[in-house]
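Q: One-letter residues, chain by chain:
Number of protein chains: 2
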Amino acid sequence: MSLVVVGSMAFDAIETPFGKSDKIVGGAGTYIAWCASNFTPVKQISIVGGDFPQSELDALTARNVNLEGVQIKKNEKTFFWSGRYHMDMNTRDTLETQLNVLENFQPVVPDSYQDCEYLMLGNLVPAVQTSVITQLKTRPKLIVMDTMNFWMEIAMDDLKKTISMVDVLMVNDSEARQLSGDFSLVRAAGTIMKMGPKYLIIKKGEHGALLFHEDKVFFAPALPLEDVFDPTGAGDTFAGGFMGHIAKTNDISFENMKTAIIVGSAMASFCVEKFGTERIRAVDKTEIDARLAEFVQLVNFDISLV
Amino acid sequence: MSLVVVGSMAFDAIETPFGKSDKIVGGAGTYIAWCASNFTPVKQISIVGGDFPQSELDALTARNVNLEGVQIKKNEKTFFWSGRYHMDMNTRDTLETQLNVLENFQPVVPDSYQDCEYLMLGNLVPAVQTSVITQLKTRPKLIVMDTMNFWMEIAMDDLKKTISMVDVLMVNDSEARQLSGDFSLVRAAGTIMKMGPKYLIIKKGEHGALLFHEDKVFFAPALPLEDVFDPTGAGDTFAGGFMGHIAKTNDISFENMKTAIIVGSAMASFCVEKFGTERIRAVDKTEIDARLAEFVQLVNFDISLV
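Those protein sequence lines, which keep their order, are chains E and U. Residues in the first sequence are numbered consecutively from 1, following this note's numbering. Residues in the second sequence are numbered consecutively from 1, following this note's numbering.
Keep in mind that a hint or two might mislead.
Intra- or inter-copy, both count: the list cannot distinguish identical chains.
Claimed, not checked - With a straight-line cut-off of 27 Å between C-alpha atoms, the simulated DSSO-like cross-links for lysine-lysine are:
#1 Lys204 x Lys73
#2 Lys216 x Lys285
#3 Lys161 x Lys285
#4 Lys274 x Lys216
Everything labelled a hint here was simulated from the structure, so no lab data went into it. It should be emphasised that the depicted structure is a prediction, and the values quoted were computed from it without experimental measurement.
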């Protein structure tokens, strides 16, 4: 059940209509690792600069996140992203991006990671994602890939190559439309699954997520929340919950993927309650179980009454 | 289990990015009656002009829709609305409105309707909705009200009075925000339920619907469709399915309201497949049962796997 996670570890500076963060720790790989480690040990592949706090690395190690695959470039700086969310909290402007160590990132898969059964490719340069897949001597049981519109704009060929190699693709609704060229999400799903992935997850933020496979579809709602404080990392946390549950249960059936999406949605609902990783690193099993029970109440109806 | 429906019967002319209709029969009351009559007999209250086709009235009568409460103004014209949908099919512009018979509509509740147990107030002038409530000598077991932003803009005081008299209010997400003055739908729900209704249904179009009651919330998805052909009447059809199921089962528990929302969502998913009432008047029990089974598949997951 060995889970390997690839993704950025970064600094973020976030502005929302409700507040502003200092430069805080973020990055897709960071969110995925914090989240997935609630369910299963994680073997992390990433890169940071000498400015990345040792205390952050130690905290992840203490959570059973193996950092052997994390390169530390002592004389370079960590990837930095700064953004501002609009009132709807679904759209945002990037204010600043400093690639820093990510600019020449060549991921190296340690020998001790070759037992990888589950591979989670967090949003990153498609060629880096591909490099990790090709370095693995045995193909994992399940490869899940997250990506974003940015790569569709500057590296579509590389992106399509990576997409053709994975089992599950995760994108949001506008990215699914962009990738397929079709406004209808149902038709978009059909087009994208022809590109390679047997499963497609379309994330719709506060409107939930859809899982497509062959002619089947499953829908998981987002938990209606009084306040969304900071959506940064919600998609990565969703991915971490999904893949953490799959790896923990060692079950890649469609039925179990449904449950995994509910777990991902529940974890994402914690993430947005505070700035950055603050909430997701503090959550415990009791809280997770209670939140999952809320999801059951949210969607469960008595079929016999129909 | 007597169900009384109040709502407009009208002519519509509809443009979508995919086509254009002639002047066709529409109106909230029409959609509700066609839909609810799949589940239970309907006693209709409305008003039409001499230009409204007798064949349409006969077709409703054949469906067990009692038209004693429908006034026919032989020398006047039926309400007419014309609109154009945008590409997203969630927003539309009104091109023309001719109030005609609706301008001076004074609803009269026939004596034979006084056994009303379930009252569905379709979107209409709030004062007309109130008039029907006050004409009923015995308060119905459940009063459900649909309304829209238009009345919030021109008749907010009347609207709030009607809202204070009903059990269940249905609005869409932007209307819930407008009515409550709160962007958060969870907080908006709390505010609106303090205005009177013990239950609030927030319709989110392709993103499904939320049912709020006290501190409980239930979510019903919309069925992901390849194409939405014409969204006109989808909200009214949803209301008809919801209230039709409640009246048929004679059960106003929260649990049964959950099922009723699934029924409403299933019926609305038919409505949008063709222009106007074409699809909803043709649907049969076998199709409805199959669609309900699709909804079960769409949201049902194995709790034991969590």
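Q: Using 27 Å as the alpha carbon limit, work out where Lys274 and Lys216 are close: within a copy, between copies, both or neither.
A: Close across copies (23 Å), not inside one copy (35 Å); limit 27 Å.
Q: With identical chains, the pair Lys216 and Lys285 could be close in the same copy or across copies; at 27 Å between alpha carbons, which is it: within, between, both, or neither?
A: between (31 Å within a copy, 23 Å between copies)
Q: Up to 27 Å between alpha-carbons, please classify Lys161 paired with Lys285: within, between, both or neither.
A: This pair counts as neither: shortest intra-copy Cα distance 38 Å, inter-copy 47 Å.
Q: Have a look at Lys204 and Lys73 and pick one of within, between, both or neither, based on CA distance no larger than 27 Å.
A: For Lys204 and Lys73, the Cα distance exceeds 27 Å both inside one copy (36 Å) and across copies (48 Å).
Comparing the model with each numbered hint stated earlier shows that hints 1 and 3 do not hold.
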